[in-house]
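**Student:** What follows is each chain in one-letter form.
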Amino acid sequence: GQSLEQPSEVTAVEGAIVQINCTYQTSGFYGLSWYQQHDGGAPTFLSYNALDGLEETGRFSSFLSRSDSYGYLLLQELQMKDSASYFCALGAGSYQLTFGKGTKLSVIP
Amino acid sequence: EAGVVQSPRYKIIEKKQPVAFWCNPISGHNTLYWYLQNLGQGPELLIRYENEEAVDDSQLPKDRFSAERLKGVDSTLKIQPAELGDSAVYLCASSLDRIGQTRNTGELFFGEGSRLTVL
Chain A
1 GQSLEQPSEV TAVEGAIVQI NCTYQTSGFY GLSWYQQHDG GAPTFLSYNA
51 LDGLEETGRF SSFLSRSDSY GYLLLQELQM KDSASYFCAL GAGSYQLTFG
101 KGTKLSVIP
Chain B
1001 EAGVVQSPRY KIIEKKQPVA FWCNPISGHN TLYWYLQNLG QGPELLIRYE
1051 NEEAVDDSQL PKDRFSAERL KGVDSTLKIQ PAELGDSAVY LCASSLDRIG
1101 QTRNTGELFF GEGSRLTVL
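These protein sequence lines map, in sequence, to chains A and B. Counting from 1, position 16 in the first sequence corresponds to residue 16 in my numbering; the numbering is continuous, with no gaps. Here my numbering runs 1000 ahead of the position in the second sequence, where the first position is 1.
For the record, the hints were derived by calculation from the structure and aren't laboratory data. Hints are supplied without guarantee of correctness; some may be wrong.
[As the list claims (entries may be wrong)] Derived coverage of chain A by chain B (criterion: at least 3 residues anywhere in the stretch with Cβ under 8 Å from a Cβ of chain B; other residues may be distant):
1) 20 to 34
2) 37 to 48
3) 93 to 103
Backbone N, C-alpha and C define an ideal beta-carbon position, used for all residues, glycine too.
Generate the whole structure from the sequences, applying the supplied hints.
**Tutor:** Rendered as structure tokens:
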């Protein structure tokens, strides 16, 4: 099976940079995705890494190291609207997408 | 382009009653997923369809849950009878193809979810 570990909560100051880590265990790897979910809303896709390295999309970047079974999401120039839950999701096994338990990010003034 | 549409958004029922949720995926998306999300947790897969075929339903409690995807488009998830522990948000998602295929970039498109409260 697959398992993912990510911190349950992170607090950061508006304008700062925050990194949310994700470690995983799996057999058969396709890629690691990141999703954002505001309270009461739908999960929305942020980024996807199938290969090692950094992917950048505006203020958000995602990194993957397959040899370390590790990835992270980097959020720069934090804004209040970035307060949400962030999930890493593992594409592996029998074509499943398995989600972590999520990291609740609180951005404070 | 319309997104994934789910209904109802909210449903309150008493235990032992039946309930059904409906999902209309994005046009052209072959793969459809039903996830369950408990408060403060990540989505957990219940069932995955490729076109009209249920290819992964290992996490679906088949004694009370059933699902169908007629003609490979809309899908319905049913619970009968509902139990108190079924209170959760039921999320439907779709993607062009399954994870690992060339056209899949790891992106699932989610609906707003159906929030079920069982009293």
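**Student:** State for each hint whether it applies.
**Tutor:** Now for the hints, and whether the structure bears them out:
Counting residues of the stretch 20 to 34 of chain A whose beta-carbon sits less than 8 Å from any beta-carbon of chain B gives 4, enough to reach three: the coverage restraint holds. Coverage of the stretch 37 to 48 of chain A by chain B holds [criterion: at least 3 residues with CB-CB distance below 8 Å; count 6]. Counting residues of the stretch 93 to 103 of chain A whose C-beta lies closer than 8 Å to any C-beta of chain B gives 9; at least three are required, and the coverage claim holds.
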